[in-house]
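Asker: Start from chain A and add chain F according to the hints.
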Amino acid sequence: MQDKNTTIGKPVNRIDGILKVTGKADYSTDHPVQNPAYAVIFKSTIASGKIKRIDSIAAEKSAGVLAVITHNNAPKLNPKGGIRGGALLQNADVLFYGQHIGVVVAETFEQARHAADLIKVEYEQSDARIDFEKIYKDGVKPKDKEDEKRGDAKAALENAEVKIEETYATPIYHHHPLEPHATIAEWQGDKLTLYNSSQIVNGAQNAAALTLNLKPENVHIVSPYIGGGFGSKGGQWGNLILAAIAAKMVNRPVKLALTRQQMFNSVGFRQRNYQKVSLAATKDGKLTALAHETSTHAAIQDEFVEPCGDCSKIMYDTPNSLISYRVTPMNLILPTYTRGPGKSTGSFALESAMDELAYKLKMDPIAFRLKNEPEKDPSNGKPWSSRKVVECLNVGAKAFGWEKRKMEPRQLIQDNYLIGYGVACGTYPAHQRDSSAIVKLKREGNNVTATIELAAADLGTGTYTILAQTAADALDLPINKITVKIGDSDLPPAAGSVGSVGATSYANVVNDVCNKVTDELIARSGKQYFVRPTASQLMISEKIADIQARADSKPLETAEQYSSHSFNANFAEVWVNQSTGMVRVERFLAVTGAGKILNPKTARSQIIGGNVWGIGMALTEESIVDPRYGHFVTRSLAEYHVPSNLDIGELDAIFIKEEDTLSNKLGIKGIGEVGIVGVAAAVANAVFNATGKRIRELPILPDKLL
Amino acid sequence: MKPFKYINAKDAPAAVKLVSENPNARFLAGGTNLLDLMKENVEQPDEVIDITRIALTQIKATSAGVSIGGLGKNTDAANHPMIRQNYPLLTQAILAGASGQIRNMATNGGNLLQRTRCPYFYDVNMPCNKREPGSGCGALEGINRMHAIFGWSETCVAVFPSDMAIALAALDAVVKIQSPGGQEKSIPFADFHRLPGDTPEKDTNLGHGELITAIEIPKNNFAEHSYYLKVRDRASYAFALVSVAAALEMNGNVIKQARLAMGGVAHKPWRALKAEQMLVGKEPTEANFKLAADAEMAEAKPLEHNKFKVELGNRSIVLALQMAFNSDKS
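Residue numbers (this note's numbering), protein chains in the order written: chain A, 1 to 706; chain F, 1001 to 1330.
No lab work stands behind these hints: they were computed from the structure. Wrong hints could be hidden among the right ones.
As the list claims (entries may be wrong) - Below 30 Å or equal to it, Euclidean Cα-Cα: the simulated DSBU-like pairs (lysine-lysine) are:
| # | chain 1 | residue 1 | chain 2 | residue 2 |
| --- | --- | --- | --- | --- |
| 1 | A | Lys704 | F | Lys1307 |
| 2 | F | Lys1301 | A | Lys693 |
| 3 | A | Lys134 | F | Lys1307 |
| 4 | F | Lys1005 | A | Lys704 |
In isolation and in its complexed conformation, chain F is listed as follows:
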């Protein structure tokens, strides 16, 4: 680990100023990912700006829906009565991630900014275009069972590791940001994370020094029919092989609106838009779920070791939709 300077920021504008003035400065929130990366020399900041004392932790109802503070803890977001009641998909997704101890430390904004757990990214002795642009992709022809089947490029086949963000993608959340100039801006969730393309070093469209102040989720009618399914190599504390956030709004026996987002399959939360469109106006039958899953997974391009993710993704979409449809009965 490279020696660094530690500064405790008194408020958001001060933190944003400090980080934006130094390209090698980083915000430190829960630290559950950044500190690991620093110990491994993947991240080598020379200044660490501690933002944990800034009061951006509130969860509050807004006219549009709910606003979750960027520096609130994952555990608090998952367990807040308003979230549990109105956005159970988010609760389930958060609780499917990491471990209780980590969720107690990890913040909501930080969760969205997790780096990939690709082992070639994490090991500084291995090639990785995300960590060191131009050095090559270790996983493309390496051990890539955990890697992407959608949206990857020759430069990077990593996947985005968050569970929480998969639910937020399905729920059309909006990321609220404080920028270095003092202005506030909003990025719709679909535009927040990026596909790797030729710039895999950029995970998101957040600029250096920009701080996530809140995540807003619009009101919806999905609470009765939603489910987060996570398939993994062990029952807890493992990243997804495939995960599916599924939400349905029913109109009688017909699907009025469907949302599907997948984790563990791409460099960003993967909205299964094709499948969503196919479900609208249909009855919630296994056959219709299967048609939607087939359509979505037809686009998948698996790598050498993750061909199974196509079939698993297909089954997971069907199962998650079934569980979502039946979730009001359990």
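So that you can see chain A by itself, here it is in the shape it has in the complex:
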């Protein structure tokens, strides 16, 4: 199969691209259903307390209204069914500002929205925990995170020749996929179809079934296209279930889409973190201790703590290490997985601290990192399946022109701008997860076509395309002979597009099932071959009209013996206006070692997309809670500033050649998450290099540089 016609590794255009740009790809609420009704959620306007009374008389009388659903008339659900963040209308308790407290269903969206505005709610308010700065010190150990100690970091810090101890703060960040969370729910008897954006198709199926007290086989998830998710569509949230119960109550299909404003307190966010990082080193730059202590918050009734210390566990060689977490409950919606969970925020703290210590040591930050490169995974002693940090740093330094950087800040000045260079590394674990797939081959004359089926999810990142490429190569068919069917729970179960496991898990099972069908064709031919024939050759030579096979793939048994992660090095050049403090990222380069790159075009888009969000984390994005009320003050995209085109300079992505077959058969490591990791630190380090100002609290807004 490794002939000149292979498509893996080639920059193949997205096979779903034309559908998307012509509007023919159906997203959640685009699917045609008969006679839909429209649901609009209404939300609490206090952060803590109880609902005393809901006056829905005017709403019920309003034109077109079919139902008003509140905790008074909602069906009994299983709140432990796996829906994140509660808010399932099961009681009168209010645990955060903007909690779902009811749904209006009407003939049209406009009627439903107007009626929802007519609802009057009386509350009994109680004290809310919403001022993080006042309460973070009350934090306790999370339920699932013990302190992890190697050696004695505290003692090593006390005896350090050189050290830094600093706290790095990151705000609440929101995912804000272009497509808000949206659902069509349609019942046929006891069977429920949910057209819904789901990063984990089978996860959505199970959570909906358990919560609604249904058998999983009676819940059908249809999610062929996803308009971005970034973690917010990994777990499912109350809106999915409210659509289902609304459809049941009005006995019609119901469409329910969250508004952009509702996205702020409906589907999680990245929590606020205070990360104290302490580094000790010898005078010649060998690390002797690394402590990474995170304080954060979770919801009142549920805990979620993003693992900010993960990068610190494996990035650098140090004999003494401490990773700890403290968490305090707050009256805010449950935080959740957000691109590069723990690693993007954690790397900001770690890689800023590394930059600070390098400066204190008067060492080049790349040389400092190279000096502390670990031979094995320091956290567990396992060998790396592959680790290309050194190559990422060296290749990046050369490509970026790192030699132009000055050690001392404020040395490069042009007109009114201070110019600075920054570097930072990042990492994200690589895993294959259990997945199944079916291949169906058909032949008409000499025309062989194949269909691949599995309940995978394409976030918009190119899953359709890489699976078609994988199947095309494994079956020896042109890519236009491959049909990929994913995003449907009726298909064989598969991993989710989460945690950078999608491409690895899906491509491996597709490759396996294609090899399996080839094996079966060989067996069916009853012949022996010197050179293994391909499936398409056999279909024609053996005159087989159709055949199908199924594979159920698991990770390599030996994979656990290795520590497998993607790694990167990020380089930023910033220009800071000396008068106004406005920062522009003029150039950004990410060099990534992430195993085999299936499609350099979609892979590049993944990486630069992560870079843009990382630049947003560093410079512009921030969700602000009013500590008096507990609501998000920044509640639209006019106030939550994702970077605009004009904010982004020249982006470049380089992949280090790597095939990590110790990690999985195809040697893939995953790139979705790692693209954002290390980015914010590279920008912040460049800002220091430009200005001499070390900003430890993101985002780096103009006023912080005055």
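Answerer: Below, chain F alone, put in the same frame as chain A:
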């Protein structure tokens, strides 16, 4: 959003009549702000009078200067050769606002009538004296990084969001109005927008039903030395933290006339008159610019989260004046 009646007005007198007869009627021009406010229930008109088909779109030279149609699009005003050549400050200010798509929809009159983007004004569940007089000011002791440092009152600390209007204030524009009685009147730009005082619900001195037909800008000698500086949290599509419209008329090496207006600092375009006066007769040096900026910013009264605007305003005045002075060289 409250259900409303939509009426397409055939001409200006008809539109003015329709709106003036109903206190809950609103003109609909570009809709880039009104429709957002209606979706959020901040504005709840029961009648919306569409004026987009009325031909008040012309940009034309007059004996006094230039007249810009009230219903012309922001994009057209910014790019008109006469504006680009004679009033580059206005071009720069318009192009610093919003996004290309919004400027293609937004009208010149509508730009002046934008409501504040104060998040407490925009959220009907929050107190706001501007939206609901007597309910209190959410921002005074709330999150007020974006808010006013000049001219605010205990009832309202909101800022006026337009960029275009800051340039118009600096250029001493005049707002031409058609009133319900049929008469036409003019309001000098300095008197058009208001400070909040005890009536923050009133942004301008325009009466209900009055329609902006044109904006007139008198001739000036600022084209060679003018600059609009906008400092913001991202490079595009963000409201100003501070903006400065600066214009100089030189007499040899001495400033004959200076104009300075600031955005993002007050409930109206803030004319920095004190600084302007100090610059007249001076040489265009950084030291003189700094003295003028110091004098103007000494009056600032920042809130809890926007103390930085005093220093930023000071630096921005200096930078904008430098850029204005050097703008003929670029």
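Asker: Each hint needs a verdict: does it hold in this structure or not?
Answerer: For each hint, the structure was consulted:
Straight-line distance between C-alpha atoms of A/Lys704 and F/Lys1307 comes to about 12 Å, which keeps the hinted pair within the 30 Å bound. With a CA separation close to 27 Å, the supplied pair F/Lys1301 and A/Lys693 stays within the 30 Å bound. With a C-alpha separation of about 22 Å, the suggested pair A/Lys134 and F/Lys1307 falls inside the 30 Å cut-off, and the hint holds. As the CA atoms of F/Lys1005 and A/Lys704 are separated by approximately 48 Å, the hinted pair breaks the 30 Å bound.
This entry does not satisfy hint 4, going by the numbered hints stated previously; all others are met.
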